[in-house]
Structure formats: C-alpha cells, structure tokens
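Student: The lines below spell out each chain.
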Amino acid sequence: GQSLEQPSEVTAVEGAIVQINCTYQTSGFYGLSWYQQHDGGAPTFLSYNALDGLEETGRFSSFLSRSDSYGYLLLQELQMKDSASYFCAVKNQAGTALIFGKGTTLSVSS
Amino acid sequence: NAGVTQTPKFQVLKTGQSMTLQCAQDMNHEYMSWYRQDPGMGLRLIHYSVGAGITDQGEVPNGYNVSRSTTEDFPLRLLSAAPSQTSVYFCASSYSTVTMNTEAFFGQGTRLTVV
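Line by line, the protein sequences are chains A and B.
For the first sequence, the positions run 1 to 110 when our numbering is used.
For the second sequence, the positions run 1 to 115 when our numbering is used.
Some hints here could point you the wrong way.
Each computed SDA-like pair below joins lysine to any residue, with the alpha-carbon atoms no more than 25 Å apart [unchecked claim]: (1) A:K102 with B:N28; (2) A:K102 with B:Q57; (3) A:K81 with B:G40; (4) B:K9 with A:G41; (5) A:K102 with B:M41; (6) A:K102 with B:P61; (7) A:K102 with B:G53; (8) A:K81 with A:Q25; (9) A:K81 with A:D52; (10) B:K9 with B:D73; (11) A:K102 with B:P39; (12) A:K81 with B:M41; (13) B:K9 with A:F45; (14) A:K102 with B:S84; (15) A:K102 with A:T23; (16) A:K81 with B:Q108; (17) A:K81 with A:S27; (18) A:K102 with A:A12.
Only part of the chain A face toward chain B is listed, based on derived beta-carbon distances under 10 Å [stated by the list, open to error]: (19) A16; (20) V18; (21) F63; (22) A94; (23) F100.
Listed next, the stretches of chain A that the computed footprint assigns to chain B, with coverage defined by at least 3 CB atoms under 8 Å from CB atoms of chain B [unchecked claim]: (24) 41-51; (25) 101-110.
No wet-lab data here; the hints were simulated from the structure.
C-beta: ideal position from N, C-alpha, C; glycine also.
Build out the structure end to end from the sequences listed, making use of the hints.
Tutor: Written out as structure tokens, the structure reads:
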C-alpha cells in the first residue's frame, strides 16, 4: 500500500524560508502533490510533481526525487498567513484517489 | 459555480443512530472520495468512486457505506454510529485521469460528534 512520512511540526519566523520534507512508499507512482489546510478550513491544492526536479509557483516551490522516493515543499518569504497544515499526497495503486500523509503544522511567528 | 457542497456542516448523533452525509459537485468530475480527519492522523480515505455505479473501499471503510447513482452525488452512510466515528469528514472530487495531475477539490467538511 501507500504510505507517506512528514514531520509533524515546523516553526519559523516571518520572512524566513522553510522546507517541509516528505518520503513515500508506493505500489505504483503517479506523482507527489501538496495541499494546504488552514484551521477549520478545507484542504486546497498547492502543487504537483510528476518528474524529478523543482516546480516553482510564486513563493512556494516543490521538489521531487523519484529515485529517493522523496520530495519537499519550500516556502519562501514566510508570512503569518502561511501558518497552516501542509499535506503531501500520492495516488492510490489504481491512480484513482489520493492518499495523504499525516500533515505538517507550520507556525509562523513575527 | 458551487464546487463541492457538503451537508450538514455540523451533526451530533447518539451511539447506534444512522445518518447520511451528503456530497454534491457541479464540476462534472468522475472521481469522488470521502475522507475522515482526526487530530494527528491526517486525511484518511474511507471510500471512493470512479464514476456512477462504481465504488471501492479506501483505507478505513469499516462502518461506512457509499453509493454513486449519479455523477453529481456521492453520499456517505453511517449505519450504526459509534463514538470512534467522531471526526471531520471531507468529500473531494477531481477529473478522471490516472497519470496526469488531478487537483482534488474539497467540500467544507462535516463535523460529526457521536455521543
């Protein structure tokens, strides 16, 4: 089956850079996704990597190494509003639903 | 465009009661899923569907039933609620592609308490 590991908590200050790592074990791999969830809200899509390398979207970047079964989400120029939970996810073996990691809670302080 | 709509937003049940959590999407997505979210456990897949008439079990299916009679609707049924089913439930939908990116769109969640 699919399993993902990510740190439970990360703290940082405004303006800093933080990296959230994710390692995965899968039967069949279709790509690694990242989702953001604010307290009391619904998860929202951030990024997706199917191939090795770095994908950049504004202040957020995501990296994938398929050979290492590893990826990370990089958040730059942190803002208070970035305080949220971040989840990495892979598709199930059939590629028809997402399996999520347990999430990393990011706390940004001033 | 409403996206994914879940009802109710909050519910309190007594142990042994049954209820149905509703989920509807208006994006013509084939793929739909149900997740439960508990503190420190992330989002765990309960059941999913790849189209009308087709459903399958996820990671934690016990105690839950689903059906998919239309593309738009994917209700989740609790047959006999237990305190262990106290959780926040999210419904999600996405386009049907296995190998390409399929951004999942989530409803706002149903917060269920079983007493």
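Student: Against each hint, give a clear statement of whether it holds in the structure.
Tutor: Structure-based check of all given hints:
no.: 1; hint: A:K102 with B:N28; in the structure: violated, 29 Å
no.: 2; hint: A:K102 with B:Q57; in the structure: holds, 20 Å
no.: 3; hint: A:K81 with B:G40; in the structure: holds, 21 Å
no.: 4; hint: B:K9 with A:G41; in the structure: holds, 12 Å
no.: 5; hint: A:K102 with B:M41; in the structure: holds, 5 Å
no.: 6; hint: A:K102 with B:P61; in the structure: holds, 18 Å
no.: 7; hint: A:K102 with B:G53; in the structure: violated, 31 Å
no.: 8; hint: A:K81 with A:Q25; in the structure: violated, 31 Å
no.: 9; hint: A:K81 with A:D52; in the structure: violated, 29 Å
no.: 10; hint: B:K9 with B:D73; in the structure: holds, 17 Å
no.: 11; hint: A:K102 with B:P39; in the structure: holds, 9 Å
no.: 12; hint: A:K81 with B:M41; in the structure: holds, 23 Å
no.: 13; hint: B:K9 with A:F45; in the structure: holds, 21 Å
no.: 14; hint: A:K102 with B:S84; in the structure: holds, 18 Å
no.: 15; hint: A:K102 with A:T23; in the structure: holds, 12 Å
no.: 16; hint: A:K81 with B:Q108; in the structure: holds, 19 Å
no.: 17; hint: A:K81 with A:S27; in the structure: violated, 36 Å
no.: 18; hint: A:K102 with A:A12; in the structure: holds, 20 Å
no.: 19; hint: A16; in the structure: violated, 25 Å
no.: 20; hint: V18; in the structure: violated, 19 Å
no.: 21; hint: F63; in the structure: violated, 16 Å
no.: 22; hint: A94; in the structure: holds, 7 Å
no.: 23; hint: F100; in the structure: holds, 4 Å
no.: 24; hint: 41-51; in the structure: holds (count 7)
no.: 25; hint: 101-110; in the structure: holds (count 3)
Checked against the numbered hints above, the structure breaks hints 1, 7, 8, 9, 17, 19, 20, 21 and satisfies the rest.
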